[in-house]
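Trainee: In case you want the letters, here they are:
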Amino acid sequence: MSLDKVKLQHIAMLARLKLTDEEYAESVEKLSKIVDFVDQLSQADTTGVTPMAHPLDAVQRLRPDVVTEVDDRDRYQENAAAVSAGLYLVPKVLE
Amino acid sequence: MEMHAQTLTELAAGLEKGDFTSLELTQALLDRIAAHNDKLNAFITVTADEALAAATRADTARSKGGGGVLNGLPIIHKDIFCTRGIKTTCGSKMLDNFISPYDATVVERLADAGAVVLGKANMDEFAMGSSNETSYFGPVRNPWNLECSPGGSSGGSSASVAARFAPAATGTDTGGSIRQPAALTGTVGIKPTYGRVSRYGMIAFASSLDQAGVITRSSEDAARLLGVMAGFDERDSTSIDQPVPDYLAGIAHSIKGLRVGIVREHFDAGLEEETGKKVKEAIAVLKALGATTVEVSLPNLNLSVPTYYVVAPAECSSNLSRFDGVRFGYRAENAEDLLDLYCRSRGEGFGDEVKRRIMTGTYVLSAGYYDAYYLKAQRVRKLIADDFRKAFAEVDVIAGPTAPSPAFKLGDKVDDPIQMYLNDIYTIGANLAGLPAMSVPCGFVDKLPVGLHLVGAHFDEETLLRCAHQYQQETDWHTACPEAFK
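Sequence lines, in order, name chains A and B. Remember, the numbering used here sits 4 above the position in the first sequence when you count from 1. Remember, the numbering used here sits 1420 above the position in the second sequence when you count from 1.
FYI, nobody ran anything at the bench for these hints, they're computed from the structure. These numbers were taken from a predicted model, which means no experiment stands behind them. Think of the CB as a built atom: it goes at the ideal place given N, C-alpha and C, for glycine as much as any other residue. Hints should not be assumed to be uniformly reliable.
So these bits of chain A aren't anywhere near chain B, every CB distance computed over 10 Å [what the hints assert, rightly or not]: (1) ASP8; (2) LYS9; (3) LEU18; (4) GLU27; (5) ALA29; (6) VAL70; (7) VAL71; (8) ASP75; (9) SER88; (10) ALA89; (11) GLY90.
Capping the alpha-carbon separation at 35 Å, the derived lysine-lysine pairs in DSBU-like fashion look like this [as the list claims (entries may be wrong)]: (12) LYS1459/B - LYS1484/B; (13) LYS22/A - LYS1829/B; (14) LYS1484/B - LYS1437/B; (15) LYS9/A - LYS22/A; (16) LYS1484/B - LYS37/A; (17) LYS34/A - LYS1906/B; (18) LYS1700/B - LYS37/A; (19) LYS37/A - LYS1867/B.
Pulled out of the complex, with its shape left as it was, chain A reads as follows (with noise of 0.2 Å):
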């Protein structure tokens, strides 16, 4: 297994997913498959290659720097759970 539980908890963190004991336990199973079967990629010869940013090798456009968003705050927010006064409710982060 290329993936132990401790690396997949640090992983877990960082992708901000809380994960059940029985999820750990498939994913050390499943994803040390994926990581094995992507390891190939090292056999390649890539000497000199440049990493490929875009299908098509264009670069970002640039658009004017006017305003073009009308303010639409309270249709979004329809969507959101705990909202308030216009703003975004979230548990307590400064005590």
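The hints should help you fit chain B onto chain A, whose structure is shown.
Mentor: Chain B in isolation, oriented as in the chain A frame:
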């Protein structure tokens, strides 16, 4: 011919002649969906009221001599496209409560052309899957054999079109998610060039690979729809500003002299024998139509699946970080603190495969592994793209199998991610290189459809559509209908 059995092109003619109204057509298809969807589970949401209202508007526009090029024609949207005021779930518990505040560009353009949307199609969760079994709303079944998968991730779209619920459905394709389900259901599926169709309002999975397209029953119908969907959109920063040719005019031309590339590596041990035979027969038809075949080599093709399973999860882990339980989507109850809210909302809101991809992506991007996995994969991706570039210096299209076998049974591959991933071995290359590609029905093996895969040069959807259309003038595989859905 009954309305449901007609193609989009035939229905357009029927509406134009006044054989039936859009309201009659829409009601007939809604009745059909109500009667038969239980067998397939192809829909997440049926939008009957909105569809009937849109059909009435289309009929009114027609009576006044107006209406767009798709006026009154029914379609289905994959539930990955944001639809204003209508639930947009992406096949996930995470978005089960999400009512989109805006329309995707694809949705907007089709609506502006007069299309009537019957509902939102089921799909693998966040488009991550090749069998439609990762959907929070349950698997879709294949109309050709209810024990089989319709493919994925656009499985609700492919099953709906094959079952004659609608003549066309939108789909999205990150590694084969339009073409593989099209192949497994005997429908036509096209994934255009990366950047050809706007990704605005299409829920992101892997942004350098994702592309929208359509599933239809004929190449002509695909040409008709793609002409409406394609084109520059300033709201998508990777949209490409290139003129869109008249696809419908283009398909009429002969393929005499077309250079068809055959990839040696496509017909190796991984391909089921009978499927390979059907594909070779289809290539023989292209030759009979005047095409010439040229053997080409894609030496790095065997690395396309591992490359994809680094690049796609990496981009997925970044894109899906937006789901935090705060602004929209599922929110865990009684969180202890902000971190607990994030971790539990995501842990409870995402399904197994999505979590697996996020974890894989996070791993390959994490400190100490980035160079060995992510950067390495981007280098190999360049090698694969260069292989295609060299091949297209000698040929106009590349033809081969879409999937290694016909539809597999639900449950057969779901426990082994690698087996499932290998289903996309022939389709993933086109996504990595950003090329347009298409699947066309080319026969049956054990009463299950097989697809011919055509890949074209950048921005040359026209040649794919033409090649497929000319093939469909000589063959009738695309008109076959599953017995239970005639």
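Trainee: Compute the least Cβ-Cβ separation between LEU18/A and chain B, then decide whether it is above 10 Å.
Mentor: violated (5 Å)
Trainee: Taking the minimum C-beta separation from GLY90/A to chain B, is that value above 10 Å?
Mentor: At about 13 Å from chain B, GLY90/A clears the 10 Å cut-off, so the statement holds.
Trainee: Straight-line Cα separation of LYS1459/B and LYS1484/B no greater than 35 Å?
Mentor: Given pair LYS1459/B, LYS1484/B is violated - Cα atoms ~40 Å apart, limit 35 Å.
Trainee: Holds or violated: is the Cβ of ALA89/A farther than 10 Å from all Cβ atoms of chain B?
Mentor: holds (16 Å)
Trainee: Could you let me know if the closest chain B CB is still more than 10 Å away from the CB of VAL71/A?
Mentor: holds (14 Å)
Trainee: Beyond 10 Å from every Cβ of chain B: is that where the Cβ of ALA29/A lies?
Mentor: holds (12 Å)
Trainee: Would you mind confirming whether the straight-line C-alpha gap from LYS34/A to LYS1906/B stays at or under 35 Å?
Mentor: Roughly 42 Å separates the two Cα atoms, so the pair is violated.
Trainee: Could you let me know if the closest chain B CB is still more than 10 Å away from the CB of ASP75/A?
Mentor: It holds; ASP75/A is separated from chain B by about 13 Å at its closest Cβ, greater than 10 Å.
Trainee: For VAL70/A, which was marked as not at the interface, is the minimum beta-carbon distance to chain B over 10 Å?
Mentor: holds (12 Å)
Trainee: Between the alpha carbons of LYS1700/B and LYS37/A, is the straight-line distance 35 Å or under?
Mentor: With Cα atoms ~34 Å apart, LYS1700/B and LYS37/A stay inside 35 Å; holds.
Trainee: For SER88/A, which was marked as not at the interface, is the minimum beta-carbon distance to chain B over 10 Å?
Mentor: holds (13 Å)
Trainee: Take the C-alpha atoms of LYS22/A and LYS1829/B, compute the straight-line distance between them, and say whether it is at most 35 Å.
Mentor: holds (32 Å)
In summary, the numbered hints that this structure violates are 3, 4, 12, 16, 17.
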